[in-house]
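Numbering (our numbering), first residue to last: 1 to 182.
Please keep in mind that the hints were generated in silico from the structure rather than gathered at the bench.
Only a predicted model underlies this, so the values are computations on that prediction, with no experimental measurement involved.
Certain hints may be false.
With a cut-off of at most 20 Å between alpha-carbon atoms, the simulated SDA-like pairs for lysine to any residue come out as follows [what the hints assert, rightly or not]: (1) K65 to K39; (2) K14 to L75; (3) K125 to I174; (4) K39 to F2; (5) K94 to L69; (6) K7 to Y32; (7) K73 to L96; (8) K73 to Y26; (9) K94 to I174; (10) K125 to G140; (11) K39 to E54; (12) K173 to K111; (13) K16 to F6; (14) K65 to L75; (15) K83 to Q19; (16) K125 to I154; (17) K125 to K173.
So the derived label-pair ranges between C-beta atoms look like this [what the hints assert, rightly or not]: (18) L75 to E112: 14 to 22 Å; (19) K167 to N28: 54 to 62 Å; (20) R168 to A98: 43 to 51 Å; (21) L96 to C31: 18 to 26 Å.
Backbone N, C-alpha and C fix where the C-beta goes; we use that ideal spot for every residue, glycine too.
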Amino acid sequence: MFTELFKAWRREEKDKNIQILSQDFYINLNCYANDLKKKIECEQDPVKAELIKEEYNNTIKLLTKLVNLRLKKVLESIIEGRKIPLELLAEEEKELVACLNKAAELILEFKEKLFKGRIEAKKSKAVILRLLQELPEIVGEDLNVYGPFEAEDIAVLPEDNAEALIKRGVAEKISYKEKKNL
Numbered sequence: 001m002f003t004e005l006f007k008a009w010r011r012e013e014k015d016k017n018i019q020i021l022s023q024d025f026y027i028n029l030n031c032y033a034n035d036l037k038k039k040i041e042c043e044q045d046p047v048k049a050e051l052i053k054e055e056y057n058n059t060i061k062l063l064t065k066l067v068n069l070r071l072k073k074v075l076e077s078i079i080e081g082r083k084i085p086l087e088l089l090a091e092e093e094k095e096l097v098a099c100l101n102k103a104a105e106l107i108l109e110f111k112e113k114l115f116k117g118r119i120e121a122k123k124s125k126a127v128i129l130r131l132l133q134e135l136p137e138i139v140g141e142d143l144n145v146y147g148p149f150e151a152e153d154i155a156v157l158p159e160d161n162a163e164a165l166i167k168r169g170v171a172e173k174i175s176y177k178e179k180k181n182l
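Between the sequences and the hints, there should be enough to build the whole structure, so can you do that?
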């Protein structure tokens, strides 16, 4: 199985396009790696155990290289808008590609909205506060700079920032009621 893994890695290294893997490639490789682990545990001869352990470590390293290389090719294909022939992928990779394709669709939708000016900034409610102590300048969630503040100052801050100051005990919310003309 190590030879098959090595050949698969070499094919991926040599070609810029993703190469075919058998549907059960990763399942077989997983069984192989598990068998090596069992052999390491059962082996009485320390020299043989060390050799098997080295084979296991090399298998994991090469598998990692293969997976990373294939993932890179898949991502590049998706970014470039090229379809990946599913028959080239192992079963587990097909699920991954489906998820990545969905993510790519969401990114494209975001770009379209962005270019058409349909993305709106989050509207934050403002809260009126009375500061209980001196505070340095703060950057609000809206990226505006507020302050510095003296004790007893009245300030209008974005809701999230106001709540944080109230929780810290350095400010209190000022409630007010609008008068209605009768």
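Query - Hint numbers contradicted by this structure - result: Hints 1, 9 and 12 are the ones this structure does not satisfy, whereas the remaining hints hold.
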